[in-house]
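Residue numbers (the numbering used here), protein chains in the order written: chain A, 888 to 1154; chain B, 112 to 387.
Hints should not be assumed to be uniformly reliable.
Said to hold, decoys possible - Distance windows between CB atoms, simulated:
1. Ser167/B with Arg895/A: 48 to 56 Å
2. Val983/A with Ala285/B: 33 to 41 Å
3. Arg306/B with Arg1010/A: 37 to 45 Å
Since the hints were made in silico from the structure, they are not lab data.
Where is the CB? At the ideal position from N, CA and C, for every residue including glycine.
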Amino acid sequence: MTQNATSRRWKRPPFIQNPTLRWGLWVGAAIYLALAFGTMEVNWDRVAEGATRGQRFVAAFFPPDFVSRWDSIQDGILESLWMTITSTVIGIILSVPVGLGAARNLAYRPVYLFCRGILAVSRTFPEIILAIFFVKLFGFGPFAGFLALSVGTIGFYGKLLAEDIEDMDPVQAEAIKSVGAGWLQWLNYSVQPQVMPRMIGLGIYRLDINFRESAVVGIVGGGGIGATLLTSFDRYEFDSAAAILLVIIGIVMVLEYSSGYIRRWVQ
Amino acid sequence: MLRIEHLDKQYKTGDHALKDVNLEIPKGQVMALIGPSGAGKSTLIRCVNRLVEPSSGRIFLGDLELAHLGSSELRRARTRMGMIFQEYALVERLSVMENVLSGRLGYVGFWRSFFRKFPQSDIDEAFNLLQRVGLDHMADKRADELSGGQRQRVGICRALIQNPDLLLVDEPTASLDPKTSRQIMRLICELCEERQLAAIINIHDVLLAQMFARRIVGLQLGSIVYDGPPENLNAEVLTQIYGEEDWEATIEKVEEEDEELDTAALLNIAKVHPPS
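Full structure from sequences and hints, please.
And the structure:
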C-alpha cells in the first residue's frame, strides 16, 4: 500500500454554508408540516356522505345524452372555438411588440420596465378573474370571454417571447448588425430565426390552453361551452353535462396530439 | 485605407482594453494582429465597426471618420466593412443562401429582404462566391447542417458579398482543425489579394500568422508592442508579447512548413474570377 499516513478527507460542500441556518430550515419545515396536518379538520361522516352522493352523481352521467341538447352543445362549441382562435391570434399579435420591448437585450431601460409592467399586470390575474371583470364591463357573452383570454395570452406569450429573446445567441445577432442591416432587418434575419420554432410551439400550446380556459370563463358569464355546461348543471341534466364534458375532452385531446406533432415538425 | 488614431477603450467594468493605439493599413494589405487572450485584439476590430463603442480616438475608413457617426451613417459605413467571426456566427436556422444574402441587407430595403426578393445581381454574386469556395451545391442547406470549415466559408461569402473595402477577421481558425485552418487562412488571403482588400486578422496562432500575413502587429495589454514583417518575430519579440517561454520551436518551423503544405485541397475548388 502506498497510502499516505495523512490522506486528505473530502466531502461535498453543503449548498447552505451556515449549519445553523441549514438545520434550522429543516426543523422549521418539519414543525410547520406537523402542525398543518395536525390541525386539519376532517369530518369523516361528511366524507362518507359525500362519497355516496358522488356515486349517485357519477351514475347520473350515464349514459351521456348527446341528442336532446345537441343544438346548444353545438352552438357552445362553435362559440368556444371562435373565442379560442380569435383570442389566440389577437393575443399573440399584441404580445409581439410587448415581448420585444420586454427583452433586456433589445429595449432601452424605460421601454423595458414599461413592457415588463404590462406583462406583470396581465399575468397577475388568472383568466377567470379577468373574465369576471370584463363581464361586469361589457355584459354577458363571448366578447367578454374573448377579451379575458386575449389579455391572458398577452401575458403568457409576451413573457415567454421576451425570455426566449434574452436567451438567444448574441453572436448571430452581432453578425447581422455588422453587415449594416436596419433594425427591422436585424429582427427578421437574426432574432426571428432563433426564436421562431419555440414560439410556434408555444402558440399552439396557448391555443390549447385558451380552449380549456374558454370552458372556464363561460361559467362566470363569458359565453362558450362553459355557459352551456353551467346551464345543463343548473337544470340537473347530468346526462347532457356528461356529453359536453366528453366533447371537451375529445377536442382537448385532438389539440394536445396535434400540438405535440407540430412542435416536433418545426424544430 | 484604414487609419486609427489614439484609439482608447475603457470598459464600464474598468478594464482598460486599448491604450492609445495608432495604426494605418493601406489598401490590399493583410495584417495579422497577434497577442495573448485579453490583449484587446477583439476589442480593437470591434471598435472599428463600432460593435464596441470606442472611449476616445479617431478611426478613418478612407476619408470617413467612423468613431462619431450617427446611426444611419454608421449603418452605411458598416456595409463597407466585412466581418468574419470566430464561431462563424452564421444564423443557424437560415439556409446557406440566406446567410450569404444577409451580407446585402445594408443595400436592400426591408420588404425586399423580408420576402427574400433580392436583386438578381445579388443572387448571381452569391452563387459566384459560393462556387468560389466550393459550396454552391449547398445553397439550400440549413447553416447548422454544415461542418466547421464549410460554415466558415459561408461566413467568408457573407462578408465578401458586402463588397467591402476592409475585412475584419476575428480568430477565423480558432475552432477549426489545423488543416482546415490553413485552407481558410489561405482562402481569406487569396480573396484579399484578388479584390485588393485591406484586412485585419486577429489570430492567436503565431505560426499561421507568420505563414500568411506580410505584416504582424503584436498587442499586449492594449498597447502595440510590435509592428513589422513576420521574419523579425524573434524570441525576444515573442517574449515581449506573450511573456517568457521557449520560442525556438515556433520560430524555426515556419520556413520549413510554408512550402510543402496542402495546396491540393484548395486546387479542387473551382476558381472563378470575382467581378471587378
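Now for the hints, and whether the structure bears them out:
{"no.": "1", "hint": "Ser167/B with Arg895/A: 48 to 56 Å", "in the structure": "holds, 52 Å"}
{"no.": "2", "hint": "Val983/A with Ala285/B: 33 to 41 Å", "in the structure": "holds, 36 Å"}
{"no.": "3", "hint": "Arg306/B with Arg1010/A: 37 to 45 Å", "in the structure": "violated, 54 Å"}
The structure shown violates just one earlier hint, number 3.
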